[in-house]
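Just need the whole structure built from these sequences, with the hints factored in.
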Amino acid sequence: MAQKSLMWRLGPLWSLVSLLLIVYAVTLVNSRLGDGIQVQMRYALVNLVIVVALQMFIGTSGVLSFGHVAFVAVGAWTVGLLTIDPELKRNLLPDMFPFLFDVQAPWLVAVILGGLVGGLLAVIVGPFLMRLNGLQAGIATFALLGVVSQVLTYWSSIGPRSGQSMVGIPDVLNLQTTMLITLVIIVIAWLFQRTKPARLLRAAREDPIAAAASGINVVPQRVIAFAVSGVVAGVAGGMFALTNRVLQASQLGIELTFITLAMLVLGGVLSLSGAIVGALVFSLIDLVLVQLQSGVDIGSFVVSIPQGARPIVLALVLIGMLLWRPSGLTGGREFVWPFRKHAPLPGNPVTND
Amino acid sequence: MSQLLQSLVDALSAGATLGLAALAIGLVFGVIRLANFATGEIITAGAYTLIFTWQLGWYISIPFAIIVAVLLSLLMELSVFSRMRAATPATLLIASFGLSFLLQRVYELAFTNNVQTAPVASELAQSISIGGVRIQMLSVATILLAAILLTGLQLFLTRASLGLQLKAAAADFKTARLIGIPASRVIGLSFALSGILAAAVAFVTTVQTGAVGPTFGVPITILALVGAVIGGIDKISGALAGGFLVGFATSMLASWLPQDMSNFKDAYVFMLVIGVLLMRPQGLLIRGRGAVRT
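Chains as they are written, first to last, in my numbering: chain A, 1 to 353; chain B, 1001 to 1294.
No lab work stands behind these hints: they were computed from the structure.
Glycine included, every Cβ here is placed at the ideal spot set by N, Cα and C.
Among these hints, one or two may not hold up.
[Said to hold, decoys possible] Covered stretches of chain A, going by a simulated chain B footprint (3 or more residues, C-beta under 8 Å): (1) 26-39; (2) 193-205; (3) 259-266; (4) 315-322.
This is the structure:
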């Protein structure tokens, strides 16, 4: 019996360890495949963190959000402003508020601050937006994204003039560091799943009426989830800034929203493993397609697909998934210890819809 | 004074255009609870058709554009949405997002990223002067076109048997099925009408810009969708009014805000949208609290 109770306690931990191992292994394999693939892997990990942020909110609460990329954008902006050399800022971004010229931070501090700024924005708008449900919530969060991208595009007091981009972000992040940040974020997301607000939200997601009858006031819980996922999205934005090293508001808009949502849907919205598997599988398909676009030698043949076919295939994957397996690759489940049969995780409802 | 009149006519025409686009979205939403973001790509398809066939004469080009838009709309329903009847509105919205993204890339592959240009109905691009007020012919034509389409639609929905069935289904799809209204016919009809409205939107916007690219229909669809939701997407008239309001507001802001602030006009519109959603999540035109069907 003692052994069983030990398994019971370690079992849930397996759902975390397996995810960390998967991310570690995929990164390790990709790091051996050449510089181009390494660069793509870094972007894949940044996207993975965004998808984790989406899952923490959408998956837990069941409320649709198109607004998380807004938090990514403010996080990226924060890191850009804090890490570009002051002299460069003065020359390239002349219209900015003067105090912004001299503020500087080491990159890791900047990334954390980026997360906090993302979380702060979420805390400010959360109490309003979180009162909405369904389609209305989707549209309102979309409107938030619209406001933020307009402000970042045109307000030259906090960034480049419209049509220009922020350049000169230092090259400090390599694949290994990116992976370490990603692993830390996964641990945070996993811990978040086991907190009280997350459990209450999952209950409310499964049955809003029964949850309300049990005395769950869903709005404050949603605000908490929105804020925590906003922090994670802000960190992802900081990682994006340090990976891409050029920032323009148009990169952090509707297209990124679509791609990250597609990754989440592919893996399965309801579980953290869904977010991670979805992001990795999507990125792997993308990797293969990029290779195919430039042509791959198989024996004496060169296999290639036309330029522009890549996003088409990715969109088809999303639509096909929604048609034939709407609950995603993981079906909304977490990984369980393979030697324990039929044992769903405590606190994680197994849903089949 | 004349400037006010001028901006008022422009705003009416912008409102009419967005109202039609929102109606195209609202008609389908009422029946199968799909807020079809890919309506924008139907508009783009109609616009491309107009650009490529205009030299054959308007009497060929316009019917051709309508046919293409209706066929694409029906194709979307048959290939994707008809297989997703059990999905929630949020999932349907994501699927339509995917479809929209897919079609944009297909257009890119077929017609390149550059805009295609043709002087579509360039006679309408002129302005006329009435008592010192310069008025765009196109604005007047847009308002007229919207009035004709809305009157036709209203007659169809209240007089024709098929139209009444559609109206009943839009009001309450389950009950409509129970009393024997054929679901597939009504759904197909709503997609076809949506295609016709999209073609009309394509016509006025193509005349206005004369240039069409792969993402031509996206900005108008975003505003139309947002408008439909704040007006009350559950009701056909709600969607229409919301779309009109957003178009009117955007155009007025563009005419009257000082230059350095008018860059942010969409941001103001979106903030207005959030405000309206908070105060009346069920929509401006839906009376009472109204059960928000999700």
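Verification of the hints:
1. 26-39: violated (count 0)
2. 193-205: violated (count 0)
3. 259-266: holds (count 3)
4. 315-322: This one holds; 5 residues, not fewer than the three required, reach chain B with a Cβ under 8 Å.
Figure legend: structure checked against the earlier numbered hints; hints not met, in rising order: 1 and 2.
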